[in-house]
Amino acid sequence: DGGITQSPKYLFRKEGQNVTLSCEQNLNHDAMYWYRQDPGQGLRLIYYSQIVNDFQKGDIAEGYSVSREKKESFPLTVTSAQKNPTAFYLCASSKREGRSPLHFGNGTRLTVT
Amino acid sequence: RKEVEQDPGPFNVPEGATVAFNCTYSNSASQSFFWYRQDCRKEPKLLMSVYSSGNEDGRFTAQLNRASQYISLLIRDSKLSDSATYLCVPQVSDKLIFGTGTRLQVFP
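Those sequence lines, one after another, are chains L and Z.
Each residue of the first sequence is one higher than the last, beginning at 1 in my numbering.
Each residue of the second sequence is one higher than the last, beginning at 1001 in my numbering.
To be clear, the hints were calculated from the coordinates, so they are not data collected in a lab.
Careful, some of the hints might be misleading.
Said to hold, decoys possible - Each computed SDA-like pair below joins lysine to any residue, with the alpha-carbon atoms no more than 25 Å apart:
no.: 1; chain 1: Z; residue 1: Lys1042; chain 2: L; residue 2: Asp54
no.: 2; chain 1: Z; residue 1: Lys1042; chain 2: L; residue 2: Asn106
no.: 3; chain 1: Z; residue 1: Lys1042; chain 2: L; residue 2: Asn53
no.: 4; chain 1: Z; residue 1: Lys1095; chain 2: Z; residue 2: Ala1029
no.: 5; chain 1: Z; residue 1: Lys1045; chain 2: L; residue 2: Thr113
no.: 6; chain 1: Z; residue 1: Lys1042; chain 2: L; residue 2: Thr113
Said to hold, decoys possible - Only some residues are given here: those of chain Z computed to face chain L with a beta carbon under 7 Å:
no.: 7; residue: Ala1029
no.: 8; residue: Ser1032
no.: 9; residue: Phe1034
no.: 10; residue: Glu1043
no.: 11; residue: Pro1044
no.: 12; residue: Leu1046
no.: 13; residue: Leu1096
no.: 14; residue: Phe1098
no.: 15; residue: Thr1100
All values derive from a computational prediction rather than experimental measurement.
All C-beta atoms, glycine included, are put in the ideal place defined by N, C-alpha and C.
Put together the whole structure using the sequences plus the hints.
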């Protein structure tokens, strides 16, 4: 079955450490996205990529980095520069053409102490 | 003004009730529109796309009013399993803009 896989589901890190969240899709989608969700808030866009080897900053990119070396993979690194990294991180993908909804992975819940 | 505004709720309704959610969006360049549902501590899942003429999918009906920049979702014959947060999502260029959602609680 096609889908998006995020791993791990839960992640715990100490403050000051970088951490990389994995996102893999086998839907053959060109576009991939990373969102962050905090309790009681909507999803906020961190980074997105429309094509391999290219990506754009979203609304809250500071303290994060991404790469898109393969169509299937879009890992997100949460760096020590991110002031409030504890959150629910959601990866999504879509076709590039218009009117294409996003398909989400199950999410990674990151806790930094 | 927020890009997407929704009544946060919660809407508490009995099984079998009809309930309607409204949403307004600020960007007139929005091209496509979607409703997602999100269960507690889970990822959002696409409920339905919204077409200009309005569309229906079983118990769910979506309406779009571009002139007023307003989208609605009607749920008929509510089920316990409909309890979730409903997210109104306009698309601008290649980005989807998520509202904070409206929480629905269906009780027996």
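Comparing the hints with the structure gives:
1. Lys1042/Z - Asp54/L: Violated. Lys1042/Z to Asp54/L sits at ~29 Å, over the 25 Å cutoff.
2. Lys1042/Z - Asn106/L: holds, 7 Å
3. Lys1042/Z - Asn53/L: Outside the cut-off at roughly 30 Å; violated.
4. Lys1095/Z - Ala1029/Z: holds, 12 Å
5. Lys1045/Z - Thr113/L: With a Cα-Cα distance of about 30 Å, the restraint between Lys1045/Z and Thr113/L is violated, given a limit of 25 Å.
6. Lys1042/Z - Thr113/L: Holds: Lys1042/Z and Thr113/L sit about 23 Å apart, inside 25 Å.
7. Ala1029: violated, 13 Å
8. Ser1032: At about 4 Å, which falls below the 7 Å cut-off, the nearest Cβ of chain L leaves the hint on Ser1032/Z intact, so it holds.
9. Phe1034: Holds - the Cβ of Phe1034/Z comes within 7 Å of chain L, reaching about 5 Å at its closest.
10. Glu1043: Status holds, d = 4 Å.
11. Pro1044: It holds, given that the least Cβ distance between Pro1044/Z and chain L is near 6 Å, below 7 Å.
12. Leu1046: Constraint on Leu1046/Z satisfied, holds at 5 Å.
13. Leu1096: holds, 6 Å
14. Phe1098: holds, 4 Å
15. Thr1100: Holds - the Cβ of Thr1100/Z comes within 7 Å of chain L, reaching about 4 Å at its closest.
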